[in-house]
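Visitor: The residues making up each chain are set out below.
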Amino acid sequence: MSKVAIIGGGIIGVATAYELAKLGEEVILFEKNYFGSGSTFRCATGIRAQFTDEANIRLMKYAVERWEKLEEELGFDINFRQTGYLFLATSEEEIEAFKNNIRLQNKFGVPTRLIDMDEAKEIVPILNTEPFLAGAWNPKDGKANPFKTLFAYLFRAKELGVDAREHTEVVGFEHEGDVITAVKFRSNGKVESVKVDAVLNAANAWAPLINEMAGLKRDLVPITAYKHQLVKTEPLERGQAEPLVCPPSWDDAYIIQDGEDGGIICGAGIEHRAKSLDDYEPTYDFLRGVLRYATMIAPPLRYAHIVRQWAGFYAKTPDKNPAIGKLLDNFYIAAGFSGHGFMMAPAVAQAMAELIAKGRSKVPLDWEWYDPYRFGRGELRSSAFQIG
Amino acid sequence: MSGKVIICRCNDVTVEEIEALIDEGVTDIEEIKRLLRIGMGPCQGRTCIPLVMAILARKTGKKPDEIPLPRARVPIRPVRVEVLVGGDDE
Ligand SMILES: Cc1cc2nc3c(=O)[nH]c(=O)nc-3n(C[C@H](O)[C@H](O)[C@H](O)COP(=O)(O)OP(=O)(O)OC[C@H]3O[C@@H](n4cnc5c(N)ncnc54)[C@H](O)[C@@H]3O)c2cc1C
Ligand code: FES
Numbered sequence: 001m002s003k004v005a006i007i008g009g010g011i012i013g014v015a016t017a018y019e020l021a022k023l024g025e026e027v028i029l030f031e032k033n034y035f036g037s038g039s040t041f042r043c044a045t046g047i048r049a050q051f052t053d054e055a056n057i058r059l060m061k062y063a064v065e066r067w068e069k070l071e072e073e074l075g076f077d078i079n080f081r082q083t084g085y086l087f088l089a090t091s092e093e094e095i096e097a098f099k100n101n102i103r104l105q106n107k108f109g110v111p112t113r114l115i116d117m118d119e120a121k122e123i124v125p126i127l128n129t130e131p132f133l134a135g136a137w138n139p140k141d142g143k144a145n146p147f148k149t150l151f152a153y154l155f156r157a158k159e160l161g162v163d164a165r166e167h168t169e170v171v172g173f174e175h176e177g178d179v180i181t182a183v184k185f186r187s188n189g190k191v192e193s194v195k196v197d198a199v200l201n202a203a204n205a206w207a208p209l210i211n212e213m214a215g216l217k218r219d220l221v222p223i224t225a226y227k228h229q230l231v232k233t234e235p236l237e238r239g240q241a242e243p244l245v246c247p248p249s250w251d252d253a254y255i256i257q258d259g260e261d262g263g264i265i266c267g268a269g270i271e272h273r274a275k276s277l278d279d280y281e282p283t284y285d286f287l288r289g290v291l292r293y294a295t296m297i298a299p300p301l302r303y304a305h306i307v308r309q310w311a312g313f314y315a316k317t318p319d320k321n322p323a324i325g326k327l328l329d330n331f332y333i334a335a336g337f338s339g340h341g342f343m344m345a346p347a348v349a350q351a352m353a354e355l356i357a358k359g360r361s362k363v364p365l366d367w368e369w370y371d372p373y374r375f376g377r378g379e380l381r382s383s384a385f386q387i388g
Numbered sequence: 001m002s003g004k005v006i007i008c009r010c011n012d013v014t015v016e017e018i019e020a021l022i023d024e025g026v027t028d029i030e031e032i033k034r035l036l037r038i039g040m041g042p043c044q045g046r047t048c049i050p051l052v053m054a055i056l057a058r059k060t061g062k063k064p065d066e067i068p069l070p071r072a073r074v075p076i077r078p079v080r081v082e083v084l085v086g087g088d089d090e
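Line by line, the protein sequences are chains D and F.
Each residue of the first sequence is one higher than the one before, counting from 1 in the UniProt record's numbering.
Each residue of the second sequence is one higher than the one before, counting from 1 in the UniProt record's numbering.
Isolated chain F (complex conformation) (with noise of 0.2 Å):
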């Protein structure tokens, strides 16, 4: 492969980024997702979860169904702060 290419289009991780970590010894997906900010972003990793588990399941020789899942956090879309607290006169 050429070029970049990008796992995390939210926050613009790579995949050579990625495996450079794991290549380090990082192969915790909690751990991995903070260290480069992978499912932190606006989609909350829906695009790039996945892929860094196949990248992980790879690399790692695990089964893609051993490698847990990262917590997922509410809220699950991005909510605009006026609807949570209310009119100007609440």
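So here's chain D without its partners, still in its complex pose (with noise of 0.2 Å):
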């Protein structure tokens, strides 16, 4: 049994303490300031196939067939459920796009569709049919609630023996040469370290700086914060907008249907660069933006009232795929996972804490494509997928 430290308690830092205790391996999960507090507890709540290339879509396949069972898994009631995602064209040649993606994603066993607008309408009540021609319609793929899936991998962990702790922050490391031989951590205003086997950085956003106190290059692994916004409505009547919907022409502009308490929740690739690692001020420019899109897709939202908006990081890397990997000895990484954090947490945790506790994974996880040394060789994957 080894100690692992993992830096992060996101959705992916919480997932992988919990993989890692059934494992059995120690594990100490450092959380800078009260759990979900980064860009988890700010997620659309979205999980989806539908990428464009083979990585994301063998990984997203996996993940999704981890989320159908993990409610049983982890014992809590998460709302996971299989409402869909539909892509909508305006074009004809985003119809060929789509034709492409759908061959591709049916090759590794996602059911992706192509339907018709007659369809789409059965499927979401309160579309707008005029402006698109066709859809792209994945029923397998769904949403969950962030906040409770966050705390069922959090108690489940901790029963596991993880030493959970909030309000902490990790501000350095104790090297013996390339090795990292403690962390060093402050609470209640006391620094104080602790010895450690291996590492794990899973800060997204700040996890540069991270890698900086691990002694690396700060833009080894360059990842930018992005603001990115939601707005949601009050209430609607269930079944309105069950689906993620998004013409990804539109601003990649979406709407979804809270499954805890019916709001539609909308969003758009509106971004700003954050101005700093703690900038969360929503935008009014953005309000307007993402409303004019939202009422075009779905135009009976004109008559609901707004109730909240927020924003949050995509931390986002050049070609907007994580870096999933070993960065040195006893050191990992996973982060930088722009809009798709969320959903692949289940896999990608497995998949890390496999990888520090035996080597080697089962997770049909590609790690040359997300090689975290990639950026450094000027070698880019193709851009994910990536929408909002």
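There's no promise every hint is true.
As the list claims (entries may be wrong) - Computed far set for chain F versus chain D, every beta-carbon distance over 12 Å: (1) 4; (2) 9; (3) 37; (4) 44; (5) 50; (6) 53; (7) 54; (8) 55; (9) 57; (10) 58; (11) 64; (12) 65.
As the list claims (entries may be wrong) - Covered stretches of chain F (in silico footprint by chain D; criterion: 3 or more residues with CB under 8 Å from a CB of chain D, positions within the stretch not fixed): (13) 19 to 31; (14) 75 to 84.
As the list claims (entries may be wrong) - FRET-style restraints, in silico, Cβ to Cβ: (15) 73(F) / 222(D): 52 to 58 Å; (16) 77(F) / 179(D): 51 to 57 Å; (17) 12(F) / 373(D): 48 to 54 Å; (18) 271(D) / 73(F): 17 to 23 Å; (19) 78(F) / 179(D): 51 to 57 Å; (20) 276(D) / 12(F): 36 to 42 Å; (21) 12(F) / 90(D): 37 to 43 Å; (22) 81(D) / 46(F): 28 to 34 Å; (23) 73(F) / 52(D): 30 to 36 Å; (24) 279(D) / 20(F): 34 to 40 Å.
Source of the hints: derived by calculation from the structure; they are not laboratory data.
Backbone N, C-alpha and C define an ideal beta-carbon position, used for all residues, glycine too.
Fit chain to chain and form the complex, with the hints in mind.
Guide: What follows is the structure, encoded as structure tokens:
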């Protein structure tokens, strides 16, 4: 048994803590704020296998299979529901692109199909069919409650002995050569240290700062924090927009009905580079912009009330694919998830835990694709299909 | 006390649910808020958040002013979408 420190109490850090504990490792988990306070508690709840490249499709196919059994495994209601994702095309070229993606997804067992607007309207009663020509529909995509999912993992992790510390910030490491021997952390104003055998950097938007503490160049894994925002309406009757609905050519605007309270969550790719790593201020231009798109997708939304707007970070690498793997002998990273960290967590956490504990994993995760050193080599992947 | 005591009227959350969560070790108001959807209703927590702070203070032995308030979200009062996107001809 070895002692693993995890830095970052978002969904990736917490789920990996659970998976490592399941494998019998001793885990200490650090979160500088409260659990979920980073990107995780700001997410739009969406889970999909509709990607446009093999690596992300295969990873998400596996992740969805884990999601399907997660509630039972964790013994906690996380409200995972397969309400689908519906992408909408506005041009003939886009239909062609959809067809190519669907072929690739089908090849790996993801059952997406092209549908006409009559079928789309049945699936989403408030949809404005007029601007759209066809849809890419995967009924197995879905959504889950991010708050409950994080706590489901956290409660089970603690039962398995994980030492989970919130309001505890990692401030540095002790090294022997390239090997990290201890983690220094601040809690209640006091700095202490703990001896460890391995460290996982799961700090997402903050990950470059942790890499620097480990003696690496801050930009070895370049991750930039973009502000991504959401706006939510008052609850509407269930079933109005259950799938995530997105015309990619409209700034990736999307709507999805919250699985808990029925409010419609509206997002769009109207992004601002965050001024700092605590710049969570929502903006008025986003509010107006996103609602213009949302009411074009679903005109009845004009008559709903907005009850809240919030901002979080899309922690983005240059190719929008995360950095997952080993950086030094006993220092690992899983960070830079842009808009996909929540949906990927069950698969990435298992893969990472198996890598740390056993040196290899049975999860179909293409390690080369997500190699954290690819940026240093100037070797970008094709851009991951990101919405919002 | 008998029967259910509702703390958050917008989202129907009872004092028992809040206390059970605190007993499980969830003592950060931001976390309690999200797990029970307290303060996420149309009133934005004006009714329930002060009550939750009081329960938290009582159960954890902290002073109410040691408990940070959750972040307030815009808009402070619900606004109709129409007002924000303008007329049909825009
Ligand atoms: C508006 C919005 C909508 C989104 N929608 C979706 C969606 O529909 N589906 C989806 O899959 N994804 C979505 N995402 C993305 C998703 O939320 C993230 O990719 C995911 O939550 C990342 O999880 P994480 O654990 O890597 O990072 P985070 O949740 O950001 O966790 C990192 C944690 O590290 C902590 N930390 C940083 N530095 C230190 C330190 N020195 N010591 C201790 N702790 C530290 C931070 O406080 C933070 O809590 C969305 C994101 C946003 C902002
Ligand atoms: S009473 Fe709790 S949000 Fe209104």
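Visitor: Tell me whether the statement that chain D covers the segment 75 to 84 of chain F is true, taking a Cβ distance below 8 Å and needing three residues at minimum.
Guide: holds (count 7)
Visitor: Is 37 to 43 Å respected by the C-beta to C-beta distance linking residue 12(F) and residue 90(D)?
Guide: holds (41 Å)
Visitor: Since residue 44(F) was said not to touch the interface, does its Cβ keep a gap of more than 12 Å from each Cβ of chain D?
Guide: violated (8 Å)
Visitor: Evaluate the given range 34 to 40 Å for the C-beta pair formed by residue 279(D) and residue 20(F).
Guide: holds (35 Å)
Visitor: Given the hint of 48 to 54 Å, check if residue 12(F) and residue 373(D) actually sit that far apart at their C-beta atoms.
Guide: Hint holds: Cβ distance 51 Å, inside 48 to 54 Å.
Visitor: Take the C-beta atom of residue 276(D) and the C-beta atom of residue 12(F), compute their distance, and say whether it sits inside 36 to 42 Å.
Guide: Holds - the Cβ-Cβ distance for residue 276(D) and residue 12(F), about 38 Å, lies within 36 to 42 Å.
Visitor: At the C-beta level, are residue 73(F) and residue 52(D) separated by a distance inside 30 to 36 Å?
Guide: holds (34 Å)
Visitor: Regarding residue 78(F) and residue 179(D), is the given constraint of 51 to 57 Å on their beta-carbon distance met?
Guide: holds (55 Å)
Visitor: In terms of Cβ atoms, is chain D entirely out of 12 Å range of residue 53(F)?
Guide: Non-interface label on residue 53(F) holds, nearest chain D Cβ at 15 Å vs cutoff 12 Å.
Visitor: For residue 50(F), is the shortest CB-to-CB distance to chain D above 12 Å, so the non-interface label stands?
Guide: With a cut-off of 12 Å, residue 50(F) remains clear of chain D, as the shortest Cβ separation is near 19 Å.
Visitor: Would the least Cβ to Cβ distance between residue 57(F) and chain D come out above 12 Å?
Guide: holds (17 Å)
Visitor: Quick check on a hinted range of 28 to 34 Å for residue 81(D) and residue 46(F), using CB atoms only.
Guide: Holds, since residue 81(D) and residue 46(F) (Cβ atoms, about 31 Å apart) stay within the stated range.
In the structure shown, a violation is registered for the earlier hints numbered 3, 4 and 15, in ascending order.
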